[in-house]
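Peer 1: Go ahead and model the full structure; you've got the sequences and the hints to work with.
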Amino acid sequence: MNNTLNHDGAKVLAAAENVVKEFKLSGNIRRGQMVVHAVTDVSLNIYEGETLAMVGESGCGKSTMGRLILRLLEPTAGTVRFEGRDLAELGEEELRHLRKKMQIIFQDPYASLNPRMTVAQIIAEPLNTHQIYGSQKETEARVKELMKKVGIRPEFTNRYPHQFSGGQRQRIGIARALALNPKLIVCDEPVSALDVSIQAQILNLLHDLQKEMGLTYLFISHDLSVVRYISDRICVMFLGKICEVGPTEEIFRAPKHPYTRFLLEAVPKPNPHLRKEQKAFLTGEMPSPVKPPAGCRFHTRCPLAVQRCSQEVPVLRNIEGRQVACHLVTA
Amino acid sequence: MQNSDILILNDQNLPPDLGLPPAEDIDAELLDNETMGDRIKTMLRKNKLAAASFVVIVLMCLAAAFAPFLTPYEPNKTSLKDRLAPPSREHILGCDELGRDHFTRLLYGTRVSVMIGLFPTSVAMIIGTVLGLFAGFYGGKIDFVIMRLADVVLAFPSLLLAMVVSYTLKGGIISIFLALAAVKWARTARVIRAQTLSMKEKEFVEAARSLGVKKSTIMFRHILPNCLPNLIVLLTLNIPESILDEASLSFLGIGAQPPSTSWGLMVFRCKPFLFEYPWLAIAPGVAILVFVLAFNFLGDGVRDALDPYLKD
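Keeping their order, the protein sequence lines are chains A and B. 150 is the number of the first residue of the first sequence in the numbering used here; add one for each residue after it. 712 is the number of the first residue of the second sequence in the numbering used here; add one for each residue after it.
By construction, these hints were calculated from the structure, which means they are not laboratory data. All residues carry an ideal CB built from backbone N, CA and C; glycine is no exception. Any given hint could turn out to be false.
To give an idea of the interface, some chain B residues facing chain A are shown, with a C-beta separation under 8 Å as derived from the structure [what the hints assert, rightly or not]:
id	residue
1	775
2	872
3	913
4	914
5	917
6	920
7	922
8	923
9	931
10	933
11	937
12	940
13	959
14	964
Which residues of chain A face chain B? A few of them, derived with a C-beta cut under 10 Å, are [what the hints assert, rightly or not]:
id	residue
15	221
16	225
17	226
18	227
19	230
20	248
21	249
22	251
23	253
24	255
25	266
26	278
27	283
28	335
Peer 2: In structure tokens:
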């Protein structure tokens, strides 16, 4: 790793190096084995204490990326490091122990909690798994403390998940993720299943917890206003590749990659006077990840594309304090 | 490009963090510490059909256990003068072709039938559940081996296979036990495997993996409890089916061996007299019907009671 520190001097907590993830589709006699290229050659650093947002449309590989970082999925190629250690070299037991430091919050608060476990059992599971406390009493006390921390009444320990609203369930999921005092939390669209007023509550909760516990977030989302509110840096993905990485405000102020520009343009504007007469929308279908276009993956939909874009894969280059993968962007 | 007008959530336009939910939303009834037993009790109080079925099953089991105290007659004592006697005060269901009290034999037959219903089914379902869990969870070769084995078992008509097994084992109750267990695990394994496959992809299982929970714990603590409704449905199907299978096997002459008896054997033995003395065959038939139905109704009720989503 060449740059283990960012400009603020923060250490790299987790890093992906040239990570590739392909999913095999069931075979087809005529066309042979089909492969979904979910993530292709992605390198990414997550610095300690930051919130890195991953944005992109559905199916662009952002959730896959989150799971690769946590090694819930094994990369087809490439290396994932956590605190400098290659996760592939760890044995099963070692990895299990390392999991204390990295957690995940899921999108769907209805699927992410076991319907047959009580809240107390759900939140105590990480504690029991890693045998944090010697006695049941201590564990119970910690569970109640966590429930208070995320804003669930501690009297509810014996309730089942379905007895809570979506927002409350998401809080339970957060409490479970916090139980082991992790360093990194991958938030996989944690608020997109909630209604807007609840979204704000959960975002504030995540924000406060980050300050309090010094957490690092990999925040996966497609909601740009949420991303702008919570993240320090943004990583824009398109069809399994990174288009642009940079500080949030700078990207919002002046997006460099054409795809980022379209993405920001597509955000609805609440003030009708500020709406442009004609919005430039992306046309055409998203190319299939089974057969991604050659060259720049965005060239089939990019209005600026030149011949070079369809032949040569653009590399992620450092331009003005951020990274952009586009032939046409120059410093 | 004007990005300043994108709706930004900031500290000013956010609603205050409500923190703890208001006390009004606590449903007092939900706060109590309900166990599975409590939920079943509540269900039995509300669901009259299930409650009645439960009573019927208990009564039948008690009758089977205390058969000698409920009837003055010996089950195997023949009495030629009472041959094919119609129902009367002394013999409430009459007597069979050897003059044995039909009611007494029905009680003793209950023992065999209830045991056949419960034991081989339980054994088969435990085997099937474990195999199904492993097949679904690990996939690959383990899955292939277990499922092809299940296919082999399912490829034969189960009754025929049970006949072969019990014939090879020289007949009798024990061989029927084994025969039924050997035949019935496959369906359970299939159903549990399918359920495991769908549960495995659920986010709460992924959450458990990300917590570092051991595989065996994930299987038995996360996936198995979520197979419970399927298991109860299977149980309510399998128990009556075993009783019917035993009846069929006995009817064909490879089940309970005379002079011991079972409901199925009684139907078989009384079949020749169906038109002249219909009560002889109908009585065990009705017993089978009542027992089987009771299990179905009770199973439905229990499944609903244990379903965390269906609660009121």
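Peer 1: Taking the earlier hints as the rules, which of them does this structure contradict?
Peer 2: 1, 2, 9, 12, 13, 14, 16, 17, 18, 19, 27
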